[in-house]
Each structure stands twice: as structure tokens, then as C-alpha cells.
Amino acid sequence: MAGRDLTQEQTEYRDYVRAWLLENAPPPPPERLPITPIEVMTVGQRDYLQTWQRKCYDAGLVGADYPTAYGGQGHKGFQSIANREMNRAGVPFLINIVGLSMAAPTILQHGTEAQKQKFIPGCLSGEEIWCQGFSEPTAGSDLANQSTSAVREGDDWIVNGHKVWTSLGHFAKWMILVTRTSKDHKYEGLTYFLCPIEGHSGVSVRPLVKITGETGFNEVFFDNVRIPDAYRLDDVGKGWTVAMTTLLSERGAAEGAGSGGGEGAGAIPKLIELARNTLRFGMLAADEPVTRDAIVQRAIVGEGIRQNARRARVQSLCSHPMRLPLQQKLSGSEYQQDNARLGVEIAGAHSTLYKLDPRAPHAGHWPLAYLNSYGNTIAAGTNEIQRNILGERVLGLPKSK
Amino acid sequence: MAGRDLTQEQTEYRDYVRAWLLENAPPPPPERLPITPIEVMTVGQRDYLQTWQRKCYDAGLVGADYPTAYGGQGHKGFQSIANREMNRAGVPFLINIVGLSMAAPTILQHGTEAQKQKFIPGCLSGEEIWCQGFSEPTAGSDLANQSTSAVREGDDWIVNGHKVWTSLGHFAKWMILVTRTSKDHKYEGLTYFLCPIEGHSGVSVRPLVKITGETGFNEVFFDNVRIPDAYRLDDVGKGWTVAMTTLLSERGAAEGAGSGGGEGAGAIPKLIELARNTLRFGMLAADEPVTRDAIVQRAIVGEGIRQNARRARVQSLCSHPMRLPLQQKLSGSEYQQDNARLGVEIAGAHSTLYKLDPRAPHAGHWPLAYLNSYGNTIAAGTNEIQRNILGERVLGLPKSK
Amino acid sequence: MTNVQTVPRDFGFGEDEAMLRDVAKKMLDDRLPLEKLRSLVADSPQPIYEAGERTQWDPDLWSEIVALGWTGLAIGEAQGGSDISLAGIAGMLEEVGKHALPSPLIPTLSASLVLRAAGGKNSNQIMARIAAGATASLALTDERGSWEPNDVPLTGTEDGNVIVLNGTARFVQDAFKADILIASARLGDEIILCAVDIDASGLSLDADHIHDLSRDQASAHFSGVRVEADSLVSREGALVLHAAWPGLLVLVSADLCGASEWLLQTTVEYAKERVQFDRPIGFFQAVKHPLVDAMVEIDRARSLLYNACAEIDAGTQDSERAARMAKSAASDAAAFISDRSVQLHGGIGFTWEYGIHIYFKRNLHNQTLLGDGVYQRKKLADIMIGPIGASQNEMG
Amino acid sequence: MTNVQTVPRDFGFGEDEAMLRDVAKKMLDDRLPLEKLRSLVADSPQPIYEAGERTQWDPDLWSEIVALGWTGLAIGEAQGGSDISLAGIAGMLEEVGKHALPSPLIPTLSASLVLRAAGGKNSNQIMARIAAGATASLALTDERGSWEPNDVPLTGTEDGNVIVLNGTARFVQDAFKADILIASARLGDEIILCAVDIDASGLSLDADHIHDLSRDQASAHFSGVRVEADSLVSREGALVLHAAWPGLLVLVSADLCGASEWLLQTTVEYAKERVQFDRPIGFFQAVKHPLVDAMVEIDRARSLLYNACAEIDAGTQDSERAARMAKSAASDAAAFISDRSVQLHGGIGFTWEYGIHIYFKRNLHNQTLLGDGVYQRKKLADIMIGPIGASQNEMG
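Residue numbers (my numbering), protein chains in the order written: chain L, 10 to 410; chain Z, 10 to 410; chain R, 39 to 434; chain D, 39 to 434.
Hints may contain errors.
Ranges between beta-carbon positions, derived for each pair [to be verified]:
# : chain 1 : residue 1 : chain 2 : residue 2 : range
1 : L       : 67        : D       : 245       : 26 to 36 angstroms
2 : D       : 280       : Z       : 292       : 27 to 37 angstroms
3 : D       : 264       : L       : 292       : 51 to 61 angstroms
4 : D       : 71        : L       : 40        : 55 to 65 angstroms
5 : D       : 240       : L       : 208       : 54 to 64 angstroms
These are calculated hints, taken from the structure and not from any lab test.
Computed from a predicted model, the values in this text were never measured in an experiment.
In this text, a Cβ means the ideal position worked out from N, Cα and C, and glycines have one as well.
Only chain L is shown next, with the shape it has when bound in the complex (with noise of 0.2 angstroms):
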């Protein structure tokens, strides 16, 4: 269904992409990968997904339509070709996920020309893992209510306070992070710094362990910790709308500087493969007529969701600009979760086993993706955030809170 009307030239890329894509496979990884970036674990996990997007990077799969400036290709057009090249592919995710859909686009748009030049390659290569530090343990939906302080000292800015819901917190050796500058506003009080973490002094990073057992994201703690005012992103009190834009740019306003690979465009292939493969009441599940409708519907919805993107880039069938891009987080990790609901159900008996057990269909992967699917349908603004900015921002709808 790929590469339509395009200019010769996306032709061209489209076909260098598939032909590299096709020749530069990766070998196997040397343990387990998990479903999504945010779920990266172990150092074997980071150092096989690093090399890998330096590879797509190196190839110029990564940054496609960022300025050269900035260590990108300068292309126009070129990075949606390369996305979904990858995840047709099958090839596995790049790992600096915050990096590109989060703060690669926020420092374009706020950032000084240094900030570009000093940031935005490392986020593109892969070499400068990036986290984000939002949440706040009482700020979790509530991003304006941030507590985190951060006070001007000389040339310096002191930050003290706890975030949490770090992924990839653990590897990364930047945060994007935001502070409370004033406490006489909510939202003109704010203001977003680009934040040394690993080793450096006064930040400490602890594990999170998820439900399913697994680690992957973090609390931070910063005590007295030191930031240049060279780090900070756009004015002292610009700090809401510097996150507003980090987060259009997540939930997928902008193509983002690169994404795609992972398991997610295979869900309902690999359904439609265990319904063939489990017996269910009696029969294949792949014969059983409601599972086969329940199959079906999932398989509308993901469809929807892929033709909504092609959509949203035909303005004359876009009534609102925001309304199809500030759908994509709430339908994307609803529908995920309930691809996976469903394939508990389908599992049936086979459901109640874990990945260590050899019995497991696909490995385990049906329960994990299902208790791992809340991450993404709470995280970066629960969904029903998502439907309150949905329906103020697009339906106009007065405000909930």
C-alpha cells in the first residue's frame, strides 16, 4: 500500500530505503527485545538498539528531513517514506524514541542555533539517549502543577525535586525537564531546561518496576543540581508552552525525526496466527465465528488508524488541523491494548503462562503486551487527558478543569 504519487525523487529514496532495508537486516538480537522503546531494559537490549539506529542514521533512514546543519539530510518528504519502509520491514524500533518524537522537534522550534547544533545531531545518531521529566508525583496528568524548582544562581540554575515515569531514564544522558521557575503563576511559572543525567552530580536515577516485573522507566531525584542557563529551552516562564509543543510533537502533530520498526504493525497478522494455531471450544479459534468478528474488528480499527495518517496530510478532508494528529496517542495505545486483550482471550488456558515457560504462545508475548499496554495509555497524559484536549481543543468544548 506504500509509495504513492510520489516525486521521482521520493521514488528514488523509497527504493534505496527498501533495497538498504532489505541488505542491512539485522542479526538476531542477543536476548529478548521488548514490545515498545520505553520498556528497554538491560544493557545488551540498549547496546544492540543503539547500533542499530546509528546504522539507519549512518544510512540516512534517521533525520531524513532535518536541516544539514543539524546533521540531518535536509530532505523534504523523505522521513514518513523512511518510517514506514521500517515498519514494513520489520526491523526493530530506534531505541531514542524521546529523543526524535520529543525533544529533536522542541529544540528545533525553541532552541538557539548553538542548542541545535550542540543537541540535535546526538538525538538523530542515536548516541545521546534523551528521557523525558515530566511527571511529577503529583503532577502526573497535571502537568502544570510541576514542583520540581529550579532557581537562577549566577549563570546557573539550581533544581531540586522528584520525577518519576522516566523511561529509558536509566541509559539517557539527557533529559528533557521541566521546572518551576515562579510559583505566583501556574503556567507562566514554568520553564524547560535540557538537563544533564548520567553522572551528573546531584541527579540519581532509581529503577521502577513495572507490573509485568520488568524495569524500564525511573524515578529521578535532583538535589542541588547545577544546570548552565546555556541548557535552558526558549524564555525563563515559557516553560508550558515549550512542553505543549514537546508534546504535539509526541503525539504525532509532527512526523517526528524518525520512528517505526517494532512489533505493533503485525498485531493482527500474528492474531489471525494464533487464532490458526489454538483450539477454542472445540474448534480453531480462526474457525469460531466470534472470535473471527472480534479478529475483524481490530483489524478495522488498525486500518483506520493508518488511513487516518494518510488522511491527515490531505488538508481538503481535514475539517480541523489537530483533529486527526491529537487522535493518534489515544487510538494508537487503545487499539494496542485491545489487540492484546483480545489475544489473552484467544490463548485461553495458554494465556496464564509467562514467557519463561516454553508452553507460552509467541513466546508470552500476549499477556506482557497486554499488562504493558497501560503504560502507553497512561503515560504522557492519560487518555482521558487525551479526551478532554481532544474535546476542547477540537470539538471546543469548554474546558474540564
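Assemble the complex: chain L is given as a structure, and chains Z, R and D must be docked to it using the hints.
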């Protein structure tokens, strides 16, 4: 399933009611009866149903647990038996639903001795049909937002305003009426009256047409309507409290003075009959597994609602006295709506046919029942309000208003 | 529309398509505002629901539509049509749905798609008549209301080079507005398609009494209707209908998407104005979130709709899958917003005066037309998973 | 429990039943508060999910439970049991579910119900052992995880009056806590039920690695296990299992109802305390209404549960229908509140430290055990509508 561990007396009463209903099954109605009392449109329907209620009343099937001083039989635990038997027998419903389920219980709790003697007997016999004056154009769900005013003038009150959603208003002799007697307090500014309707000077009743094209509910306009103070129920400013008694009675907290009959009970057999006589996807709908699953889902909900009513009387299995009673209106109305929607789906192309069409399955029941089902999910506090009430009163969550 | 070409990334929805859609919007906004629609089809329930009369429509408005060439949109230029893409037609039909237009437009376009799939001299002549302003409808459904093209309602017998049709076609859409019926009949072991003029001798219409106020529906009784050779559209009816079917699904889906978007926006506006508990009800998440969920469903349905158009326009193998996905999503999205729009309007949404019910009933009718979501998914399962039983061998 | 009597209007849940339930509540509140449960089964994920060890349970607590006589509740007084109604057992098991008690209680009660349905001298002797404190579990499920009693996992062959069992029984619940297995095997064209001591020669257990932290599950390999005549429970296994099945469904449903009510109340408490946007999140209808919907589902499941108990206690024909309705409703209610409790807790609900996941996983396991909602409804359709094909003749 009926008649479990009854007292000797109750068993005899049940047997008597059964026998009576067998011997006294009413003649076929002169015209098609609506599905519920709030849809009674024509004088023919009214006369037929009023005669039937009178007959049941004279036989002791209505008001069985009410004091003899107010026209009842003075028994204990008889009415629920009569209701169950009337349901089982599939006889017509009792037309004076507002009188039986709202007016009588409220007057019994808040009325003076004189009021009880004057008003309750006519509620029970059905000779005096009641309607409800709670909803206003600007106070649908927001009951406390009443603007219909009552001003004291000597021994009378002068009422001006506009009520909507008044089922049976066009046949009613009396209305339970909530008015505003003070603008200073939202809740304490309300007063509750028993207001004459039929032929009363200044009262005009205008039928509203429903989306089905049927009438059955009304607007009622009050133009300097004079009500004697003797018709005020409970103290001035107690209207909110009295109205709550009314709504709780209606929501089934009490078994009421009598109910039952009508089509509600037989929804599942009717769906199965439809499925056995409808081809769907080249096979009988009754053989189509997705349809079978859907019908059984409905049946489980229906049985669950019935068993809730049973469990509500077993105190040691109820954590909160209002937990089950307050669910009745929410669950019941959505149960009927979902049943009707499923019937429409099963009927397929034939669901396009209106009751006038000889080829319409079940004389056009399903699409008509579906459209009318919104009357019950909207009236007497929309189901959104029901969920607030349950969340706040039973679960103790903070008020949403 | 039948020769394979690459599927355009933008669904083939370009400037011409946008212009057609915008013209349709402006024209229907002017000529059929809600007030007009209500007085036209829902002035009083009595004539329709008690006296059993057919609902009104606006022949003058229809003449303008014909003059604008909408009836020829799906017809080749050689036959006097404008041969626009299905994507363009869908855009126009979304506006038709938004205005709940009572008209024979969709049945006529449906007939055109069948004739176009049939091709040949006879079909071209009939298409030329349609392009010139004749209206048409399909008579393909039997009493069971089966949506399988092979369950034909009529039987044919040959009498020289005349074919004689007998039987009754049910659920014929807007039959009383049609000049020509395209009927399917079994002739021996063939399925044939014939064009029959509505005034042909032996053909009589019997109006259905229906809920939907924005169309008519009828049973068409054929008793010894004689079809001349030049009215025989195809002797390969099964193939033709299979080829045309995705297009038929798309036409109804487009109407559903349009009507559903109207219900969404109308309910959103009401939620901004209606005040309860001292706030506009849209403040409450019990109102806001269902409306968001409805928007999400409608958007997926619209995207699937234009994808289906693009696949059909390109004549790809994927057309049926894409079209059934669109109809399934559009039917379910319509069911949900129809339900929420009555519920969230509260008392007023339940009244006849307020126009919501016109759209509610039009959607309810279109949801079942050509098969509801469950039916489409059953067909999709056969395509995507394989027929029941096909997987047996894979069980290791 | 087998002789038919009238079904009490109060489900037979009287003072004795209430007292048993209250004792269970108090005892488990004292001995297994959430803190204790977490340190017991979820101190660290490493041993279970990486080293593959079995989860811990509390044998001391179990001794107290045995001392309280819970293992003999379903056993007749002649065998030293207390022969309480299933309604009473369900009340106690709701408390067990609310505390996610890791123990062989439900498997042991399940075995008792099967033995009781079998009756006879051998069964009575085994029930006497159970009433005296022996634990048991059922070995009835094959590798496919079929919940049809006739799909037996083992084969038997006769050797004199000894029966030799071979094969592997899968998904044996809390096998590592059981002293006795009640296994089903095919012997010629009979289905037999045998009692096998866990240390019988030729019997070996293989632990499953499972998500649920509050139980163990195993494959039981039978290679030439010799069953003496006095351990043959029944030669009419199909009949016995059919008779016992509704009771087995009820036991799991009661646990589901209890665990789901715990999740509801825990999430409600969190929603009252957790402040976002300057309000407790329970203020927001996006939190409040799903919790209400969960309550409504749980209440219907509970009512269906006690109805099923009453029907089974009275030995009515309606037992299977009532029990499958209860399991379907309880499984679906559990799925919904498990989902909402993690979602509405937000970040913290996704963490290992916060106990929610223990209940989530226990529910997920119980939802599928003996068949999920879809499966129960499939069986119910056969009962209520008739087998597929049975309606053909009714088509006019």
C-alpha cells in the same frame, strides 16, 4: 422461580392472585397498547387500562400493603408478590404509574392525615390519574434549578411557569408539582404541591410529539393557577427533600404501591423468537454465533437485574442499603434499550418497516421500542445523572456539580 | 474506473473533487437548511405514520441537481456523464448525508455503477438516459432481505428474444422516484440483469411503510414483465454485481459519514449552549468524552471511506476488503453518534419538533442497507482469515 | 446438595452463612493484610519471573484455615465435613478473593464437589481425608486447555483390578500444594475418575511459569501410575463431572467477585484522595462513571452468583444455566474493573510496588479458568436457544 419461602399467608395470597389473573385475564385491547404507561396516547387506551387497574384494585392486587384507612389492604409483603404475578401473567400494565410509584409513596411519607385520605385511594384505584411536574425547559436534569414560581396569597398559592416532559399530563387529574417559593436558596427555596390539572383554571396542557410520531407526554403551562394551601405537601421550603422521596420511590427503592404487566419481562423470549424466524447472513439468526452471543449477553444482564432485586431484600448480602435500589433505573432502562437495538439489528432490512407495514416483524415492535427506549434513559434524571448519584451516594465520590 | 492504475496517496481527492464537494455544500446549505428539511419531511407525523402516506421530497431541487450533472457523475463522458472519481462522488455524498437530502440520487448512482460494471451497448444507452436526467434504482433484494447478490428476487423465462420476468423485488430504495429499475433475475442457471421502465406493463409498486422520513422504499411486483433484447443489461449478473458491489457500499457509507458528522456537530453545538448545574453540559466529561469517542469513530470511518474510493477507482484487488471495512466502520460510527445525540440532547432530542430524529432514522436505515457491521465483518473474515474450515490444515 | 428442594428466596444465605463469611473476613483481615500479601507473593519479581521459582504461600495460615474447617465445608457430616450450603461457601470465597489468598482452598473444595457428586464408599473415604485436612486438586484438563469435561487428559488400562494411568494433565491448579489429585482418564469408552496421591510412583509434577502470583499451576505427568480399586472414584466420569461442573464454576466466580469488589473499593479510595487539577480525581466523570459501571457489573455478577448457589443447593435443572451466567458475568466484570483500576490509578497503578497487579493477574487467571465469558455464553446459547441447527424447522 417465584414463590420462595413465603409465609403461609403469602403463599395463599400468591395462589389467589394466580388464580384470579387466570380467570380474569382482560379482553384484547380495542387498539394496540404502547410498551409502557408513559406512552399512552388515546382515550381508548386510557379507558381500557383504567378499567383494568380498577379491576385489579378491587381484587386486592394493587395497594395490598397500603393501610386500609387509605384504601389499601393493610398487608405486609403482598405487593411484591402481586407485582411478580402480574409480570408473569403478561397482563396489561397499570396505567397510573406516576400515582402508584411516585405520588402515593410520597404522600404516605410526607402528607397530612387529611391528604392521605383524600389522595391515596384514587392513586390505587386508578380513578385519578397523576402526572409529574418536575422537569422544566431549563431544568431537565438539574431539578433544583426550578423556575416555576408559587407565591402565597392568603390561603392560596399562585403558580406561574412551564413544565415539560409530563407523561400522562393529558389524562391527569392531579400533578405532583415542584415550585420555587424563594429565590434566595437554590434547594431550600423549593416547595412541593399536589396540583389539580384536569379542568383547573389557568392550567393548559399541550401534547408533545415524540420522535416516534406518537404523543404521550406533554408541556403544561401555569398562568396564575390558584392552589389551596391545603394541597401543599410538607413544609414550605421542603420541596427538595420531598422530591427526593419521590425520585427514590420511582427508582425502585420501594416496591411501590403496585406495578408490573407490560412487555418488559418477555424481551429475551421475543428476541429468540425473532432470531428463529429471521434469516441473517444466509442462515437463521438463531444459528448465527455472533447473534447467539449477543442474545445471551442480553439474557445475562436481564437475569442479573432480576437477581439484584432479589438480593436487595437479603440485607447480609448488601454492603450499602441504596447500592442496588439506585441501580434499578439505570440498568433497567439501558437493558431495554440494548434489547431493542439488538432486535433492530437482527431484523435487518425488515427493521426499516413501521408498525403500519404488514411485513414488519412483531408488528413493528423493535424499531419502535428502540426509539421509545430513550424516553426511559432520559426521563426522571438522565442516566448520566443516575451515574453521578450512584458514584456520589453509594461510592462516596465527590460531587460532580 | 476498471483499469488498474496506481492508488494515489491523497485518495485521488484533488481540486476537482474538492470543488464538487464545496458546490454541493453551498447549494444544499442554501436550498435545504434544517428548517426547510423539517417542514418538507417532518411537518407532522400523522400523514406518514398514521395515514401511511409517502414522505415528501423536492422535485424542483432535484431538477437543479440534475442540471448540475450529479446523476451523471459516475457515467463515462461518451455517455454524457462527467466520469468523476468515486472519491469525488463520496465527497459530494457526505454533503448529501449532512443535509439528509430526500432524493433518488444514491439509487441512481448505484444503478450507474452496476451498468458501468456491466458495460456494453445496452448499458451505455441506459447510462446515456441517466446522464440526461433519468432516475434509476436497483431491484436486487428478495423477501428475506438478503444482501448476497446471488439471492436474486426474480425469475426469468425466455420467449423468443424477449425475457419475461416474474416475482417480487423487496426493499427497492426510492422506487417511487425512479424512472428505471435495474433488476436481477435467475434465468436457468444464469443470473441476468435487466433494465425495466417503471411504467412497464406488469410492473407494479407497493409502498413500504418505513421509519425513515427521507426516502421511500417499495416492493416491486413483476408479473409477466417483458424485457426486450435491448434492455438486457448482462447475462453475467453475478460477475457484474460482484464488481459493482464495493462501489455500492461506498455510496451508502459516504451518506452515513455525512449524516453522522452532522449529528456530531449539532450535538456539540447544543452541548456548548445548554446549561445545567450552572455550566454548559459540554463541560461534563459524561458529555464531552462520548462526543470525542464519536468523533474518533467517524474519523476512522471517513478515512476508510476514502481509502475504499481510492482502491475502487484504481480497480485494485483490495476494493472489496476496503469497501466492507468502510461500511462496517460507518455503520457502527453512525449507530453510536445517533444514540448519543438523542441521549445528550435530553428531553428535546426526544421530541418530534427537533430535527435529530430525521438523521437518526436515516442512519438506522442506512446502517442495515447492504448489511450492517456484523455482516460486513463476516464477509471480511472470509477474506482476511479465510473461509471457516480453511485453517484446519495449519493446526500443528 | 443433590436432593431437590424449593429454592429459598434469600438464596439460602442465612445467619450461619453470614457468620462464616464474617469469620473469614475478620481472620483474613488480621492474618493477610495487603502489606503481608505483597511481602509474601510480590516482594521482588526476580525469583518468579526471572529465576522461575514458584510463588510463596503461608502454610501456617493454611493450618489455621484447616483448623477452622474450611476444607470440609462442602463435605457431608458423615465424612467429618460441615456440609454447609454452596451459598455459604461462596460468601467465604468472596473474602478469599478480596484477600487474594494463595492457598489450595478452591482446588480442594472443587475436588470435594466432584467426589460428592460421585458418591460411594471410595469417594467418602477420600472426602474423610480431606475433611481431616488433606488438600486436593483436579487433573481434568488436556494440553489444548479444553474446558469440556469429556476432553480427558489421561488414558487408563486395566491390569487385574488395578488401573494404570498414562498421559499428562495440564493446568492443574495449585498442584504443588495438593496431597491428592482427582484425575479423569479414558478407559475403553468410559470416562473414569481416580484419586491419586501426589507422591504416587509414576506421577511427577512440572511447574508452569505463570503470571498469577497467588497460586501455582503445573503439568502432572502420569507414566504407569497404578490405581488400586479403592481409589477408583467413578466409572461414570462424564455424568459425575456434568453434575459437579456448576459448583466448580461457582467457586471461581465467587473468587472473581471478591477480588473485583476489592479492586473497586481500592480504586474508589484512591479516587477520593488523589488530587489532580485541584480536585480529587473522583470528581471527574471520566473516573466516576467507569467506577459506577464497574459496580453495576460486579453487582449483577454477585446476584447471579448467589442465584446459582441457590439453584445448585436445591439441585434444580436450572443449575448449569445459572452457574454459567454467573461465571460469564463474573469474568467480564472482573476484566472491566481490573482494566479500570490500573488505568485510573495512573502511573502508580503500573508499578510493581502498588499491589493492584496481584489482583489483576489473579483475575486474569480466573477469568479464563473453566472458560471465559464468550465460552460460557456459547454453552448458554445451546441451553437457551438450542443447538445450532435446531431451529431450522421453525422457519415458516
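Structure versus earlier hints, numbers of those that do not hold, lowest first
1, 3, 4
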